[in-house]
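We have chain X already, so just place chain P with the ligands on it with the hints.
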Amino acid sequence: MPVDTVQEKVVYERPRSLADVPNHYCPGCGHGIIHKLLAQCIDELGIQESTILVAPVGCSVLAYNYLRVDGCEAAHGRAPAVATGLKRVHPDTTVISYQGDGDLLAIGTAETIHAANRGEKITVIFVNNAIYGMTGGQMAPTSLQAQKTKTSPYGRNPADVGFPIRACELLNTLQAPVFIERCAVSSVKTILKAKRAIMKGLRNQVEGKGYSFIEILSMCPTGWGMEPREAVSWMEAEMVPVFPLGNLRDR
Amino acid sequence: MSRGRAEIDRERCKGCTLCIGACPEKILAMSRDSFNRQGVPYAECFDESRCTACMSCAIICPDMAIRIIRLVTIGGE
Ligand code: SF4
Ligand code: SF4
Ligand code: SF4
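Chains as they are written, first to last, in the working numbering: chain X, 1 to 251; chain P, 1001 to 1077.
Okay, chain X solo, but in the shape it has when bound (with noise of 0.2 Å):
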């Protein structure tokens, strides 16, 4: 008589381009699940050879030491006018910024707008946790109205400091972008999204399309102040009604 046999399948398991290092993220920070997704895209495009990373200023300032690819480290706000650089010099390579709201909408506002009206070839990685994270909490261009911060105690004031900028619709009004896309990584649902996501944004590159843009709004659990599951509970009910999810542009 046949007998069953029963094998042992892994099926899911560290991606080959993310390091096989403890991160140095908070626990329940969303970074950890971004750099994930960005190296399972990687693996799964099988670009690791070619690609480069452009590492920002903020807490994912260490980036390159758990993505397995070449990497370049920008000065604060820059990692788009590098990247432009490396792209132009290098077009055969997938080039990757990868850039806070800090950094990407406040010190770096000038070359986000104008790599994207340029339509650089690259993909921008737009991580979102509405605070700065790295400094310790202080009030970010994507904070919420009436959120509190370190510099924004009372909450934040639009008359005094301005709305939160939606970085999406902003890219939106132009017209060179090629991908432009809003995720999360606060469910398994919207993580698979959001790998959806980057696979097209990078795919894009190889393909020699043109910009892509991809926001994910990510759990800051230290700059929020809240237990990790609060923080998905907070950006759920709070950041999505203010940064709705979804796909804004895909030529």
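No lab work stands behind these hints, which were simulated from the structure alone. Take the hints with a grain of salt, since some may be wrong.
[As the list claims (entries may be wrong)] Listed below are the simulated DSBU-like cross-link pairs for lysine-lysine, each with C-alpha atoms no more than 30 Å apart in a straight line:
| # | chain 1 | residue 1 | chain 2 | residue 2 |
| --- | --- | --- | --- | --- |
| 1 | P | Lys-1026 | X | Lys-9 |
| 2 | P | Lys-1026 | X | Lys-189 |
| 3 | X | Lys-200 | X | Lys-189 |
| 4 | X | Lys-193 | P | Lys-1026 |
| 5 | X | Lys-9 | X | Lys-189 |
[Unchecked claim] Covered stretches of chain P (in silico footprint by chain X; criterion: 3 or more residues with CB under 8 Å from a CB of chain X, positions within the stretch not fixed):
| # | stretch |
| --- | --- |
| 6 | 1012 to 1018 |
| 7 | 1049 to 1057 |
| 8 | 1061 to 1071 |
Glycine is no exception: its CB is placed at the ideal position from the N, C-alpha and C atoms.
Positioned in the frame of chain X, the structure of chain P with the ligands alone reads:
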């Protein structure tokens, strides 16, 4: 339904509990009286027989502390 198990590397776990919220079978919990070398409780599976290898816990883990093994039955009748 497929079967499997989640292999949790307790030394990589930072105790964020995101996997516990994500598991549809509700079979993950934080260790009660033991801590890893970072000094935090870590995620554990207390009923492997109910694991469906759905990967939810691994997908949400920000620290890549979880590997998923699926049990595949071959042959037989
Ligand atoms: S401060 Fe916030 S963004 Fe920075 S590592 Fe901690 S949780 Fe992540
Ligand atoms: S694989 Fe699915 S069922 Fe098994 S422990 Fe993880 S989340 Fe739970
Ligand atoms: S998600 Fe990962 S780091 Fe967080 S408790 Fe589970 S195993 Fe630990």
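So, going through the hints one by one against the coordinates:
no.: 1; hint: P:Lys-1026 with X:Lys-9; verdict: 23 Å, holds
no.: 2; hint: P:Lys-1026 with X:Lys-189; verdict: 17 Å, holds
no.: 3; hint: X:Lys-200 with X:Lys-189; verdict: 17 Å, holds
no.: 4; hint: X:Lys-193 with P:Lys-1026; verdict: 23 Å, holds
no.: 5; hint: X:Lys-9 with X:Lys-189; verdict: 23 Å, holds
no.: 6; hint: 1012 to 1018; verdict: holds (count 6)
no.: 7; hint: 1049 to 1057; verdict: holds (count 3)
no.: 8; hint: 1061 to 1071; verdict: holds (count 10)
In this structure, every one of the numbered hints holds.
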